[in-house]
Structure formats: structure tokens, C-alpha cells
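J.: Chains as they are written, first to last, in our numbering: chain A, 8 to 334; chain B, 3 to 501.
Lysine-lysine pairs mimicking DSS-like chemistry, simulated, CA-CA at most 27 angstroms apart:
1) A/K193 / B/K15
2) B/K154 / A/K34
3) B/K496 / B/K287
4) B/K308 / B/K319
5) A/K216 / B/K446
6) A/K193 / B/K49
7) B/K446 / A/K55
8) B/K154 / B/K68
9) B/K15 / B/K63
None of these hints come from the bench; they were simulated from the model.
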Amino acid sequence: MSVEIKMATLEPVRHTFTQIAKRFGDKPASRYQEATYDIQAVTNFHYKPSWDPQHNLNDASRTAIQMADWYVLKDPRQFYYATYVASRARMQDNAENNYSFFEKRQLAERLSDEVKNKLIRLLVPLRHVEHTANLNNIYGVSVGFGTALTQALVYEGMDRLGIAQYLSRIGLILDGNTGTALEQAKQAWMEDSTWQRMRALCEELLVQKDWFEVLIAQDLVMDTLTADLYYRQFDCWLADQQAHDVTMLLEFMQEWQKDRDRWLDSTLKLVASESDSNRQQLLQWANHWSGKVAEALAPIAMELIDGDALSRSMDALATRLNKLGIK
Amino acid sequence: MAAKKLNMKDKYKMLTRDLDWEFSYQDRKEAFPYEEYEGIKITDWSKWEDPFRLTMDAYWKYQAEKEKKLYAIFDAFAQNNGHLNISDPRYVNALKVFLGGVTPVEYQAYQGFAHVGRQFGGVGARVACQMQSIDELRHVQTQIHAMSHYNKFFDGLHNWNGMQDKVWYMSVPTSFFHDARSSGPFEFLLAISFSFEYVLTNLLFVPFMSGAAYNGDMATVTFGFSSQSDEARHMTLGLEVIKFLLEQHEDNVPIVQKWVDKWFWRGTRVLGIVSMMMDYMLPNKVMSWREAWEIYFEQAGGALFKDLARYGIKPPKYVDIATAQMDHMSHQTWWNFYNFGEAAGFHTWIPSDKELDWLSEKYPQTFDKYYRPRWELAKKMEAEGKRFYSKGLPQLCNTCQVAMINTEVDDPTMLVYRSTEYKGEKYHFCSDGCHDIFVDEPEKFVQSWLPVHQILQGNCGGADLETVMREYYGMDVGVDNLDMKGSPDELRWKEWKSA
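When you get a sec, could you build the whole thing from the sequences and use the hints?
T.: So, in C-alpha cells, the structure goes:
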């Protein structure tokens, strides 16, 4: 048996907006398409920006990367605002359960001093790196080109703020909300020799001008290496130390990394395959920044895991670059 | 050990404000290079009071709940042909103006807040601006999705994004936001967060949403309700901005005053289109534009400027002139579009007799004396089969880009013509306010891309206006434009309703 509700059907005059129909034909469009394609204005800018009079307000020439059509960089996750926040709300719900569980059972008390110290000195300061990543991605939103890419960057920028806040919460869990762990971690960030090259690198990233170069340096090179180091190798190290519980606090970051990489890999593959000059430019940036990031991470990797940890992460980066066609 | 309970302020400070640090390896001014060139003095960013203390986990959760409810309504609206429940098909023309005029500037707000959200040296201000940036993207996208169903059944909505940077009247909101975005970061924030969001939101955004509520537009009004809490956050940011700037240094006061004057005036010129929407385009009226101005500007704004007086801030220059013009603005604006209805991307019409009476009642000082006779004449001509359209396009003000339709306060039959010469060229303005803005920043405003000039100079393709409209603007000529009477919109509506 089936129930059939009778409804008057009205024939629509058109199925979607003109700009969408031009790309995909006049047929029902997805919400992602209508919310993304050709939204950003392209012409007749009235006044040159007082802060950058060499360019127009929206200007594709602010990077060395060239695309015939920036809208080929579609997001395989099909994130527009509603689907983005829905995804993150689900992830935060999970994270909230993990953090509450950890706090309620007072699992921090079961950690050895060695593990605790390592978390405070070597994990919590990463929140400042995440803060840098927040600024670097928002930079791409402000001067980048095409809604397809810039909306993915604003989602990532806000994600990085969220991760910085989760890392801060780990500090607060460890110090019973007194803030002493955060202070210690900040002191390590500001003064400890282990962190100084990384801090110098973060400061250097914040003065770069080409927004796509910043994207490569931050989201590709820096993130591949730190993710491998922290969310794979350090995760194993924690397990070896009988400190699996901490893994619960890192699950958000691990899940996030996978989700983000799906978009980033797709985007970079398309950019690299667009032209030889793009590919070479990406390669040059990747080489330049992988040297710098490796140098910055070396002392951290040594203390966090061991003397070989960084080279394992570098292998992961090489594999990834190869897969992306950045060679 | 039991964990200490943190209050909101301390928690936010630890989770967010402490993320930044003093630089040792690079000059901080290189990383945040735009803070000084406007002359604003920031002595201590730590004095910034976070207008709302929302961490990302809470943001994702609240916003996702709001989106879930909103999209459930959009789905139901589309599934049940919700457009059939609107008061009258004329109403959809307000949506055409909204999607074409407001949605693109929401996008510019998304870009502008990302810019200041990267460039401010203070982490509290940056994060607040970043959150507004992503909120603005939300508004762009939810507006598109709210109107997507209307686009399937009505004309004139289909090419909103292709028209934003080209069409002669769209350059009013577009240039307003280009002006703000091309300014320094503090002027942008004063212009958008304070003048636009705090002082004018109730006169700009809210009338459209109230109009939707009064006219059976479930999709748009639900969007309006859903974005209310975002707007409230944006307004508190606007208030914090001005207080912060004024408290940081006394040298900021004259700069802020100049911006308050400029952006108030620029804002009132943008409101022309809202005034005509409220008084003429809504079949079910919410209140008159004059009444809205009294409640939301004279009363609310008056209280605000009383509060700001202790910092030495005066009410905006020319506020008396703006207020006097509010008795005329909607009538002049709608009359202008009625006249140039051949070149507009939405339909125009003569108000019904009942609506004319309503206008007479709401504007006792001006309507019968100056405007009703015009409509009576138009009615007579229409009845004789002679609905007239002015040929060509009107001259535009070089600053606000509104057509030169504004009249003198002491003589509403006289158009205001102000002009100035700069480097041997003559520039025309609709008002003293717009004249002063130009004279203060001539190098900026000589760059104005005036759509009518551009057509005449042959920069918009096409030998005649119709070709420009069809090919450059992407309008469906003969369908999107002209009178409501006899339009495909009207014919389809009658068909649906008679079925």
C-alpha cells in the first residue's frame, strides 16, 4: 500500500539563476552551486583600495598562480555555510563528549608527569601555530579570488581558531582551569629554544604577500608535517606511554585533518594541472617552505618523539607532493 | 582536585585573547601594516572589550541549529509552492530589489570583514570581525536559497549577480561598499559596523523582513528571524568600535566625527530605495517610511548621539536636511523608477486609489501638494493607453550615484544641483552632503564608475540602451522590465489563481 498526496504541480519558468544555467544548463541546481558560482563581482570597481592602490578590490593578479576560471576549484565536500556548520556541529558534539568524559573521570590525574610536561611544553604551544593558520587562511579570504576557493578558506580559518581553542582547553584541563599550564606553554613559545625557530617561522609567514604562497606554506607544507608529527606519531607515542586517554582530546583534530585534506588535495591537484607554470610555482614554494618548516620543526620533533621523527614526516610530505602532481 | 570554575570573560581571554604574542623576529607593523595611515591612534589593544564572547564550538552548534530549522522551512516552502501565499505578485519586486541590491553588498561585507579580521593588530577585534565575515557569507547564501524558489516562478531575479557591478541604479549600494572596502580598516569598521549595522540596520535590513512578514513571504521572513541573532552581534560590534576608538585617544575624535558625517550621509542616500520599497512596493504596508525614520533614526539615533556626546561626538552633519527630505524621498524615488521603468530590472506601477489615499494620510505635508497630482496624471494617461516612459537614463550624482532627483528643502519643486571643479573637470552632486564628501576626498571620487556616463562613453557595449540592457546587463528585455500591468509575472499569477 502506498499513500499518495495529490498536489497541484506548477511548471517553473526557469530552473536556476542565469549564471548557474550558463555553466550547467537550465536544470535544477544544487544549493552548493547556487551559493557558490560567480557570486563575487568581477568588474567596474569604483575606487582603488587605499591599502593596495596597485590592484582592484577584487583582483586575481594578487598571486603568481593563474587560473582561467577560479571556479573550477570546487569543494568536493560541497560545503556552503549550512553544510559546513552542520558538519562541524557534529564534530564538536563528539569532541564535547570526549572532553567532558576526560574531565568528569579526571583522567588527567592518571597521566605521568612526563606525559603532562610534554603536553604542556610541546602540544599546548601549538595553539599559537593554529592562531597563525587562522590569520593565514583569513588572509586568503580577504584577497583571494572566487567564492569557490575563498569560502573554503573562511571555513578553514574559523576551524583553525576552533582548534586553537581546543588546544587551549587541553591546557586548562591539565591545570584545573587555573591557567598556569597556558602560561607555561606561552612561556615555552616565547622563550624556550625548542620553539624559537617555529615562532620565527610563524612571524615570517604573517608578513608574506602572495596569498597562494601562504596557502602552500601553511596549509600544505606546515600542516602535513605537523599533522604527521602530532596526530600520527605523537598519537602512537601516547599509546605507548599508556596515555591513550589523551587521544580522545585529539580526535577532533585528526578527523578535521582528513576532512580538510580532501578539499585541499582536490584544489591543489587542479591548480597544479592547470598549467606548467602553476606546477613549477607550487613546486618552488613547496621546496622553499619545506626547508624552512623542517628546520623549525627539527628541535620539536626530536623532543616530542625522537631523532628520526622529522624524516618520517618529511617522507609523508614527499609522498603527498608527488600524489598532488607538485613535482 | 576539583577544577576551578571559569567565568566567561576569563575563559574567553584564555581561549582566544592569549593566542597572540609579542613579535621578536619580524616587525609587527609588517604583519599588520594598515593600522596607522588613517591617523587613528591605538594606544592599547588590550582595552578592547569583546562585544560577544563566542568560542567556535558554541558558534558551530548554535549556527547549525539555526540553519537546520531555516532550511526545513525553505524545503517546505518550495514543496508547497509557498509563493502562492504572498499578498500580491507586486510584492516580489521588493525581493528583486533585495536580491540585486542587498545580497551583493552582504558579499562585500564578507570580504571587508575578512580583510579587517586579518589586518587588525588586536586579537579580540580580529576574531569579532572574522566571525562577522563568515556570518555575512551565511546571509548571502541563505538569501540566495530563500529566493531561489521565487526565481523559478518570477522574472527579474535570475541575473542578480551578473547585474550588481553594471546596472545604473545598482551602483548606489555597490559604490557605497566599494567606498568602505577601499578605505582604511578603521574607516571600514566605522562605516559598516557603526553607521550601517548599528545606526541604519533597522531602516535597511529590517523593513525588508517586516515587509516579508506582512506579505505572506514565509521564506524571506524566516531568513530574517534566523539572522536576527547574527545582526544583534554585528550591532554590538558596531557600538564597541566607536567607543573603543573614542576612548583610545582624543586625537581620534575629529577623525571619527568626519566619518560619522560622511557615512551617515552616504547611508541616507542608499536608503532611498528602501523608502520606495516600504511606501510603494509592499502591497500590505508595514508603516510609512517617514514613521520608520522617526522611530529608528530620530528616536533611537537621537538617544545614541546623546550618549556619544560625552566623547565630544555631535549628531551627523546635515541630519536636519536628511530628516526634512524624508517627506519626499520615497515619492521622488518611485516616481523616478516609474519614469525610467523601461530600464529597470523590476516592474513599476501606479499606486491603487486606496494606496494613494494611504500616502496622502501618511504624508499630509507633501503628498497631496507635490506628488499626488503626478500620479493622477499618470493614471489618466494610462487610462488613455498612453503609459509613458522617459527615454534614456537620468544623470547621476558623482558621489552617491543616485539619480539627480533630490529637491531643495525650502522649495520641493527645485532639483538640487551642486557642482565643483577638480583639475579642470566639472563634477555634479545631488546634495551638499555629497558635494562635501567629494571635496574632502577628490582623488577617490574622481574614480567613480558612473554607469550612465559609461554607457554614453561606449564602455558598456551596444549602440542603444536596449542592447546595453540585453547584452551588458543580462536583462530579459520586455519581460523583466516595464509596467507590472501586462507583465508575464502578472499573467502567470492570474493563471495560477484561476486554476
